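Sequences listed follow chains E and H, in order. In terms of our numbering, the first sequence is residues 1 to 166. In terms of our numbering, the second sequence is residues 1001 to 1389.
Hints are computed from structural coordinates only; laboratory data are not their basis. Source: prediction; values computed, not measured. Treat the hints with care, since some could be wrong.
[Unchecked claim] Computed from the model, here is a short list of chain H residues facing chain E with C-beta under 7 Å:
1) N1075
2) N1079
3) A1128
4) K1135
5) S1137
6) L1150
[What the hints assert, rightly or not] Distance condition first, Cα-Cα at most 27 Å in a straight line; then the derived BS3-like pairs of lysine-lysine:
7) E:K40 <-> H:K1129
8) E:K25 <-> H:K1129
9) E:K25 <-> E:K14
10) E:K14 <-> H:K1255
Every residue, glycine too, gets a C-beta built ideally from N, C-alpha and C.
Chain by chain, the residues:
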Amino acid sequence: MSEVKECDLPGIGKKFTLELNSNDKLVVVIHSSGEREVFKFIEDGEEPVSVTKLTDEEAHQIGAILAGTYFQPVLEEEQKLELKNVTMEWIKITPDSNLANKKIEEVDIRKMTGVSITTIIRGETVIPNPRSSETLQPQDTIIIIGNNEQIKNFISTFEIKHRLEK
Amino acid sequence: MIVNESVLSLGISLLALFMAGFLATRINQSLTAVFIIVGMILQNFFPVTIITEFIATLGIIFMLFVFGLEFSFTNVFNNQKKIFYSGCYDFLFNFPVGLFIGWLIGYDLIQSLTLAGILYVTSSVIVAKSIIDLKRSANPETEYVLNILLFEDMFIAAFLAFIVGIANYGYFDTRAAFFVMLKTAAFFAFYITASITSKKFIDKIVGINHTELFVILILSIIVLSAGAASQIGLSEAIGAFLAGLLLSETRQKQKILETIKPFQQFSTAIFFVTFGMAIDYKHAGNMLPMGVLLFLISSFSKVYCGYFIGEKYRLSKKAGLRLGFSLIPRGEFSIILAGTIAMNHTMPYSLKSLTGIYVLLSAVVGSILVNKSDWIIKRIVEKEGQGVQ
Chain E
1 MSEVKECDLP GIGKKFTLEL NSNDKLVVVI HSSGEREVFK FIEDGEEPVS
51 VTKLTDEEAH QIGAILAGTY FQPVLEEEQK LELKNVTMEW IKITPDSNLA
101 NKKIEEVDIR KMTGVSITTI IRGETVIPNP RSSETLQPQD TIIIIGNNEQ
151 IKNFISTFEI KHRLEK
Chain H
1001 MIVNESVLSL GISLLALFMA GFLATRINQS LTAVFIIVGM ILQNFFPVTI
1051 ITEFIATLGI IFMLFVFGLE FSFTNVFNNQ KKIFYSGCYD FLFNFPVGLF
1101 IGWLIGYDLI QSLTLAGILY VTSSVIVAKS IIDLKRSANP ETEYVLNILL
1151 FEDMFIAAFL AFIVGIANYG YFDTRAAFFV MLKTAAFFAF YITASITSKK
1201 FIDKIVGINH TELFVILILS IIVLSAGAAS QIGLSEAIGA FLAGLLLSET
1251 RQKQKILETI KPFQQFSTAI FFVTFGMAID YKHAGNMLPM GVLLFLISSF
1301 SKVYCGYFIG EKYRLSKKAG LRLGFSLIPR GEFSIILAGT IAMNHTMPYS
1351 LKSLTGIYVL LSAVVGSILV NKSDWIIKRI VEKEGQGVQ
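Bound conformation, chain E alone:
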């Protein structure tokens, strides 16, 4: 994340400066009247190369579009859980799954794929940190954690088809 510089413009409003990765600068001026102005500066240029005026309402719309709440790209949900390359996945155990009715120690998930099961969701009950003696039942949802490689490995090893969107 780049740093946002804030600055008061007495009598006009507030100025926010954002240095972009591309070395360009975006400056947003919020007028006390509610009007917004967005300026683009290229590299070290001192005069803006473009100015866009927005009403309060337009600014809200644009803001929502930029924040991704107006239209949600598919990537978003997966990325939310990505903490330094660690991913969590929700996996539904189907009756025909390789894992159904097996004890965790039996299939030896951690050793084979590197993935850990952090939680089992069985109907209304939630089993956090399940023991290795726990049996995975059909209709269970398991939450697994691991890096991208390990998750992929897990999915291919056990031929998982039901990754949940949540």
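Mind docking chain H on chain E? Use the hints.
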């Protein structure tokens, strides 16, 4: 009799103001300058009456009230260091200019101080408008321009209180200065204490819902405060300014502003016309060169000051010069200063006429200079570049 004539002349003045103002907005000129010119023309048709003078006084009062109302202490506290330093540079560069010239042309100390204030204070109205029109609000120099304006406005409010106090006192010596300063400080302290300690109480009083009574209540606060200031020998304007400050922290601020704005716009326009009517331009032939000289010197000192501040804060040469050019236009505050101080007309240069000519030049030519500053600065920077080669 005087009332009947006044009504007709007021109507004519307003129509003239409208037509001139309409043309002015077409060519993007400052209304202040145009209103003064209208006044200069109208003086040939009817005299200033006691009634127009009274409305003009209300104009100053309302203008200062609105100015106090829109003043934000939070802004000052958040940026006090920046405001203080750039404001002080601006003051040190530009205030002594008028003091020195005043002394040269034979003004006494009170008049020289007034002239110093007139030449020093930039027009917030013209400059803020040009920043928005020229889309400069994101430029690096703009925050310095606005901080300087804030400092100047604060200074001139206190200065106005002081100089009117001194002028009412009649003469200037250490005792008078001390006495007036004490009075001014006490008056300021009273309002600031009131705004801090009785915030809830004030909020409750102005929270009245009845529209008609609300207008009357707010007007009474403004005019009473102005009258009280005048009673103890300070300027009415400063009383109104402090009333504005007092109400600026209330929840009703926006409503007060909307209510008072029409009164302010009307009476301030009349104030500028009345000022224009008092400019004796037929006998001002010898004053024109003086006005031009004042304009050139004070513009140069502003530009140089901007350049200096730019160097100090590591802005580029272009940005520094643009900062200086932005500060050239003078306007409403210079007129208020000249208009409030009762002047001795036996002086070689009547301060009112001189200020009128000066502000006209500065507002009109100054605005053009600000608009064309990029072009001018490019020339200056290119020339220097060639000089180095």
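Hint numbers the structure violates, sorted upward?
No numbers; nothing is violated.
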